[in-house]
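Input sequences plus hints: build the corresponding full structure.
Spelled out, the chains give:
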Amino acid sequence: MVAIPSRHKSLALLAAVLIAQLLLLAVQIKRDSRGRLIRVWAVTAVSPFERSGAWGLGKIGGVWNHYFALTSTSRENEALRVENDSLKLTISQLQSKAAEADRLSALLNFRHSQTKVPMVTARVIGASAGTASRIVEIDRGERDGIRRNLAVITPDGAVGKVIEVYRDTAQVLLLTDKEGGVGAMLVESRIQGPVGGTGEPLLTMKYVATDDKVNVGEKVVTSGMDKIFPRDIPVGTVQEVKPGNPFKQIWLRPAARLERLEEVIILLTQESVDFTKESETPATPASTSSTATNPANASAPTAPAVNGEKP
Amino acid sequence: MNETYELRSAESHIEVHKFYPGAIGGVAIVALVLQAMVPVYFPGFRILDLPLLLTIYFGLSRRNPSTGLLLGMVIGLLQDSLSGPTVPLGYYGIAKTCIGYLASSIGARLDTEHPAARLALIMGFFVTHQAILVLIRRLLLAQPERWFDVRLAIAATVNAVLGTVLFLVLDRLRRNS
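Taken in sequence, the protein lines are chains A and B. Counting from 1, position 137 in the first sequence corresponds to residue 137 in our numbering; the numbering is continuous, with no gaps. Counting from 1, position 81 in the second sequence corresponds to residue 81 in our numbering; the numbering is continuous, with no gaps.
I should point out that these hints are in silico values taken from the structure, not numbers from a laboratory. Do not rely on the hints blindly, as some may be mistaken.
If we take Cβ atoms under 8 Å as the criterion, some of the chain A residues that face chain B in the derived model are [to be verified]:
1. 13
2. 24
3. 43
4. 131
5. 132
6. 163
7. 259
In silico lysine to any residue, SDA-like type, Cα no more than 25 Å apart, as pairs [as the list claims (entries may be wrong)]:
8. 242/A x 144/B
9. 242/A x 146/B
10. 206/A x 141/B
11. 178/A x 140/B
12. 9/A x 18/B
13. 178/A x 155/B
14. 227/A x 238/A
15. 178/A x 46/B
16. 178/A x 146/B
17. 9/A x 67/B
18. 178/A x 134/B
Derived coverage of chain B by chain A (criterion: at least 3 residues anywhere in the stretch with Cβ under 8 Å from a Cβ of chain A; other residues may be distant) [what the hints assert, rightly or not]:
19. 63-69
20. 96-103
Every residue, glycine too, gets a C-beta built ideally from N, C-alpha and C.
So this is what it looks like as structure tokens:
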């Protein structure tokens, strides 16, 4: 038998390993298989470390914030007191306006419907291990009722959707991922279009015709058309608009702080249509109603008093 | 006689380094956990590619192409597994296999102990790694991916500088021959 020189052995091994991985890639593309078994092993092996790391960092952060970083606490307290007074005044004004709106438009009691929307809070314990994707890992999984394609939000706005679920953890695809996206609409003009990620901190809104008017600073909210997110959850704010043919190039700054997520809310229902139906009443500003009921919309932009969406 | 010692005899001035048992696996796991966890609290950490730096370091130190490419493959596949279902298994795996092979092949021919040499090598490997990723995206996955830009240059520089420091720390894991 002819002996293979050692350098050729390593070259042959390189070729074999590369071919095996190319085949693995090809199988995943062809069959849309995602190698779940390998991923489950890897995530199961690593998530306990992430969980304990997050716990440890949380404790260290807590000790630091509560015992060492107190130099500006007094000033912050004073500022918070002033802010609290101002907020109380604002709340009282809003309550008055809400009561008026109730009388005029026979608004349904959305606080009641809010309790019907099951949601779970989760802590972010990990992120993508590379720059090729924008995902975060949360400490809730199948045992907590998490399923794929559930909407994930924060009080500031939409975050993404659950893309993979394990026993105790799940992975969330952020809106900024190249494959992330959400059905959205501009608040003022009610123009609809999908908002997607580019792998960068900003989002893009697609398929908005050049003739349509879009203002910088305009708010964008979910349209509910993707059957994942309920309507009127803030998505972002228009930061830049460039003319294009036939569509504009629109860049949005996400409403939620996607680069610095620590806790998120998972809406445990995919029946966004039902959720939306409850918030649609005759002569009722739909988005305002939803804002009043959904904690995710605490900072939602004020929508114009029009009915429904653009067809 | 194994390949390592053949290389040693051919390049007698280049020393093959060995590590304490479990050091390579332990450091690789720690790197992957840090890579997945730290960006949650410090988003800027995302610019670092710790698994790549480890692949380069152990490739350059062990100087055995077979070990280097296999280690690169394992680290790359684990990174794929932890990057979510949108990253196919093999994406980082292929890139790091090539880098592991190249690093150990170069390590067998050059003295890579000097920090300046390490700095240049890390930068070169980082750019090569990125080029392989772009090729995989474009040719195999048929997805758009940008070529080199300013941010990549910054990332390469940051990884090279911090990698050189990291290598000095990792040198302490070497077993005295």
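Hint-by-hint comparison with the structure:
no.	hint	verdict
1	13	holds (5 Å)
2	24	holds (5 Å)
3	43	holds (7 Å)
4	131	holds (6 Å)
5	132	holds (5 Å)
6	163	holds (6 Å)
7	259	holds (5 Å)
8	242/A x 144/B	holds (21 Å)
9	242/A x 146/B	holds (20 Å)
10	206/A x 141/B	holds (23 Å)
11	178/A x 140/B	holds (17 Å)
12	9/A x 18/B	holds (21 Å)
13	178/A x 155/B	holds (20 Å)
14	227/A x 238/A	holds (23 Å)
15	178/A x 46/B	holds (17 Å)
16	178/A x 146/B	holds (13 Å)
17	9/A x 67/B	holds (12 Å)
18	178/A x 134/B	holds (14 Å)
19	63-69	holds (count 4)
20	96-103	holds (count 3)
The structure shown violates none of the earlier numbered hints.
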